[in-house]
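Trainee: Each protein sequence line maps, in turn, to chains Y, H, B, L, V, R, P and W. Residue numbers for the first sequence follow numbering that gives the first Met the number 0, beginning at 0 and rising by one. Residue numbers for the second sequence follow numbering that gives the first Met the number 0, beginning at 0 and rising by one. Residue numbers for the third sequence follow numbering that gives the first Met the number 0, beginning at 0 and rising by one. Residue numbers for the fourth sequence follow numbering that gives the first Met the number 0, beginning at 0 and rising by one. Residue numbers for the fifth sequence follow numbering that gives the first Met the number 0, beginning at 0 and rising by one. Residue numbers for the sixth sequence follow numbering that gives the first Met the number 0, beginning at 0 and rising by one. Residue numbers for the seventh sequence follow numbering that gives the first Met the number 0, beginning at 0 and rising by one. Residue numbers for the eighth sequence follow numbering that gives the first Met the number 0, beginning at 0 and rising by one.
Keep in mind that a hint or two might mislead.
[What the hints assert, rightly or not] Under the rule of at most 20 Å between Cα atoms (straight-line distance), these lysine to aspartate or glutamate pairs were calculated in the DMTMM-like manner:
#1 R:Lys44 <-> H:Asp56
#2 V:Lys44 <-> Y:Asp165
#3 R:Lys44 <-> R:Glu30
#4 V:Lys44 <-> V:Glu30
#5 P:Lys44 <-> B:Asp92
Treat the hints as calculated values from the structure; they're not laboratory data.
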Amino acid sequence: MDAPLTIAGEELGSRLLLGSGGFDRLDRFEAALAASGAEIVTVALRRVEDAPGGLYDVIRRAGARVLPNTAGCFTARDAVATAHLAREAFETDWVKLEVIGDRRTLLPDAVELLRAAEELVGEGFVVLAYTTDDPVLGRRLEDVGCAAVMPLGSPIGSGLGIRNPDAIELMRDAISVPLVLDAGIGTASDAALAMELGCDAVLAATAISRAREPERMATALRLAVEAGHAARRAGRTERVHHARASTSDAGLPDLTPSAG
Amino acid sequence: MDAPLTIAGEELGSRLLLGSGGFDRLDRFEAALAASGAEIVTVALRRVEDAPGGLYDVIRRAGARVLPNTAGCFTARDAVATAHLAREAFETDWVKLEVIGDRRTLLPDAVELLRAAEELVGEGFVVLAYTTDDPVLGRRLEDVGCAAVMPLGSPIGSGLGIRNPDAIELMRDAISVPLVLDAGIGTASDAALAMELGCDAVLAATAISRAREPERMATALRLAVEAGHAARRAGRTERVHHARASTSDAGLPDLTPSAG
Amino acid sequence: MDAPLTIAGEELGSRLLLGSGGFDRLDRFEAALAASGAEIVTVALRRVEDAPGGLYDVIRRAGARVLPNTAGCFTARDAVATAHLAREAFETDWVKLEVIGDRRTLLPDAVELLRAAEELVGEGFVVLAYTTDDPVLGRRLEDVGCAAVMPLGSPIGSGLGIRNPDAIELMRDAISVPLVLDAGIGTASDAALAMELGCDAVLAATAISRAREPERMATALRLAVEAGHAARRAGRTERVHHARASTSDAGLPDLTPSAG
Amino acid sequence: MDAPLTIAGEELGSRLLLGSGGFDRLDRFEAALAASGAEIVTVALRRVEDAPGGLYDVIRRAGARVLPNTAGCFTARDAVATAHLAREAFETDWVKLEVIGDRRTLLPDAVELLRAAEELVGEGFVVLAYTTDDPVLGRRLEDVGCAAVMPLGSPIGSGLGIRNPDAIELMRDAISVPLVLDAGIGTASDAALAMELGCDAVLAATAISRAREPERMATALRLAVEAGHAARRAGRTERVHHARASTSDAGLPDLTPSAG
Amino acid sequence: MRISLNGAERDLPDGATVAAAARLVGVAPDERGVAVAVEGAVVPKARWAETPIPDGARVEVVRATAGG
Amino acid sequence: MRISLNGAERDLPDGATVAAAARLVGVAPDERGVAVAVEGAVVPKARWAETPIPDGARVEVVRATAGG
Amino acid sequence: MRISLNGAERDLPDGATVAAAARLVGVAPDERGVAVAVEGAVVPKARWAETPIPDGARVEVVRATAGG
Amino acid sequence: MRISLNGAERDLPDGATVAAAARLVGVAPDERGVAVAVEGAVVPKARWAETPIPDGARVEVVRATAGG
């Protein structure tokens, strides 16, 4: 039997996490959430005038766990303050920790990230850390107590998939806590690949919310994550550089017509 | 509603076809067939001394259609003669046409393939043609009346996946009959990708039979084909080369601590 | 010593062939030709009203060999007739044989190509055949007597480089006559890769003529072809999936400061 | 005119740097150094019993600059101490700073690396920092005063080339000091690609020392670096997904034979 | 007194509480999924009614919104 | 007479039928999923019993086996 | 008579030669790098002057142009 | 006294200098491209002759070797 994904002692029924960003309508988000089967949904915190409301209720009604992020934070200090606010707002000590180092690529800043992670873990937070695909940094995040490490496949919202599969494999080798592929997933095969490389779960946002049909894409990603997970466990055939007959030549009949 | 895959007027409930080659035991094949959900299974014809028997019954018992191949044939003449034998043996006029041009790579020979296809179509066969990923050749196969075109992703049994995704996309543009990715599938993400590129179905043999756990890999590929098909229909998000925030900066709170 | 590239008994001093298409000015073409070091230049035949003249003289003045192509031909018959015209116009029996099967992708048509090749070889032409990256077709072209086989890396003018390096390697294994990578080269690394995969030469047109600075790109490709050829002959280091220290740990000093 | 590569105010005549590791004989190293045209050669410091001597003299005789590395250091403290030793031994304040975070992959440790860089820059060293392909970390290294940033293409000695070309391009956008592709180069096309992505130079060690013919591979890489640099400056043609005729159809003659 | 409330300057009576400020942007104390920070520090909901806002303070009232 | 039966030389009585040859390799006429070719041409099962094999002919008796 | 010369209908005197047609499109017999086809068949330059064009024929006069 | 010289325990006369230790591993003061650290700190070549090694110290004498 397959052990369920477990983060910080919590068993989860789905290996697909959903980002709530990018949907143009709340009902579309709700339909996509249902189709995805996700049990964890990320949200951001914004001033109430810019945050129309309703999102939190939709997620709770669906029985999913809210995972607040620290998107928009460029320093450990801001990220920590945002986590405090989120804990108060959502009564959760889980946080998806993002500390961004560059506005254009939205890539994480290793130094501030590690600092924030250490501080939040010290305060009792369950930290899921959004990080580069650097195995050494990932290992450091685990060492300071992160509950999950979330490497990017490619820049947030790019849809470029996993640009460096080798790096994800090296992360898998280096890290014991759950590895959640975050950022860059564009379509089903990307999600399947993430799981085949050894990730424990995948987070998708743009891939779903900006698909032509978000609900159907949510279904696609749910299936893809299951497919990739099963494939990883099934142990794939090795790659060989020439052909290997799937039909044996033994017993091939001689069907040459008679000479006459 | 999604129209089912239809080959030569026959509606099929699954977009995964199973090759029967490479299994070490018949019961493992049977379990994998069930897990795959495949409704079409390829078989070869060999001298009875080299063909232990039982396979045909297992496939029929599972309610699947037998699709005889012409593996091992290097000339149109041999392939046609093999198709005749298969029609007699299995009471089917469907044939997966393989005419090989090179023993080491098992790549098809365009000229003999086209010749055999034309002849067999003329005799009333339903021809599913195993071919290179050449869109022009694929179109010619359609033009002579093939019921499906089956391009390779990479050499038979190599597990290298789809080496030239562009070519498969060009085939999709060029060809109206069902396109079935054949040869090269190694794992779930390969199968999902095939469907995303526009294939109507995927045939897997080695990927399943030589996985460490064939039955589980059959499940994985079944899910992956569904995932890729759904993703294709859902219309993926476009690829962009820098990040695109999935969280807006609008309404970002100012959490700077007081100076005092 | 390195044996020079030899096509149909003719020794050539350069492994870069130049296509004359796409230049906006004849003097730019001339400068690029000089920088490229190419000794073979392809040209097309068009009605004199659409062919401004001067090109042929520029090529001859540079001491390069004119290689007429059959671009625009969709049938063996047209290609053969074009070759006849070219032989008359340029007093050469060399021809770059193109028989196109699809207007949008400009991919070759295997059947007509082979037919034209066989006919032209029979008439004494030196045929350099533009083909797909299909090793079996390439071998057939060699078997009917082509002097060189010219597989595409990607569609003509696409600049997509070599989409299927495995296929080019398989062609190298299958074919004894010179292998010239034609179509798809976008920049220097593509040309180097072609040579590393075992090609004997590279033909570039769009890569040079549509670069911002054609003359400089001609230099770049000349160097890249030499680089790739040397690298192939030098025998590259193998690929390993983890690190392999280039600095040994043996004799690493212990530089820990004293505890005191 | 092309401005020469300038590091810390020093103009260099070559954009290829040579690592001295992995050669089986000193004379082979010497021949490769000459063929490479490199003006900077990295060396390590080891206990004299494990360091046979002669290397330093060969490099000086060739007129090249010695660039000591800190290979084998896992902490900022060790790296700084090693830099001190190197300054004494080679009368240079240049140092290739390596601080490794994982013994198996030899990937750098972002935190210790940054710490060491800051300290060494403060002491007046000219620091060339070996780093991951993380643009944010690269920018931080520049910000603390590194004279060059040296991202890896793939793990040291792996020969896997540049696994994430996008990341190198993002580094180029983010960083103003010279960018030197370090680690992972396997062959000529890898080096050309590095330059095309915007690197100012390439360092090669294993690619040369473990080639079958190191001297010839040194030549290949020298040419490839020049080729890639020229191609970058020439401004490559754009990539398009279908064909773009390099021969116009305008004026195509009608060569249909007469009906009679 | 004058405070900055979600980035806008607002005049409030001296001694106005966090609860009052929240009301000003339409947030009632029993709404779920909201939080308030004064000068970057969280004020727990249970203490909104009793916590006066210092003159000139930055007050942020936030809610869940769509995000990555 | 002597025939080649699935690649092996076999002696059969003159006038032996396809059915007899099939029996020799263990195939009964009512087995499903088998077929016979004589000199490369199929002999339908319904005619096995009545079709004599020419002297020296190549006879192939095939069955479904695992394949790609 | 009327011929098709490089795709355009042209009137020529009966018995006009290939050389005359070539001249009409500005090509002299001593120009290098040109060729002529009548009804798809090459007419060698040495025979331009002596080869009459049949009525209604398609004549193509071609030259080297930039190409792939 | 006993020191650790390039990882090996060595007995030296009390007050032995860095120069002496270097000599023990075959390094003369005029050799180029070598350096010495005592307890992790560099001793400049100009001071080898005058710098005594403390009892129990770790001495490292290094030279350029092939490296990445």
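Trainee: Decide, hint by hint, whether the structure agrees.
Mentor: Each hint, compared with the structure:
Using a Cα cut-off of 20 Å, the hinted pair Lys44 (chain R) and Asp56 (chain H) holds, with the two alpha carbons roughly 18 Å apart. For the hint pairing Lys44 (chain V) with Asp165 (chain Y), the CA-to-CA distance comes to about 47 Å; that exceeds 20 Å, so the pair is violated. Restraint check for Lys44 (chain R) and Glu30 (chain R): the C-alpha separation of about 10 Å stays at or below 20 Å, so the hint holds. With a C-alpha separation of about 10 Å, the suggested pairing of Lys44 (chain V) with Glu30 (chain V) holds against the 20 Å cut-off.
Between the alpha carbons of Lys44 (chain P) and Asp92 (chain B) the distance comes to roughly 16 Å, so the proposed pair stays at or under 20 Å and holds.
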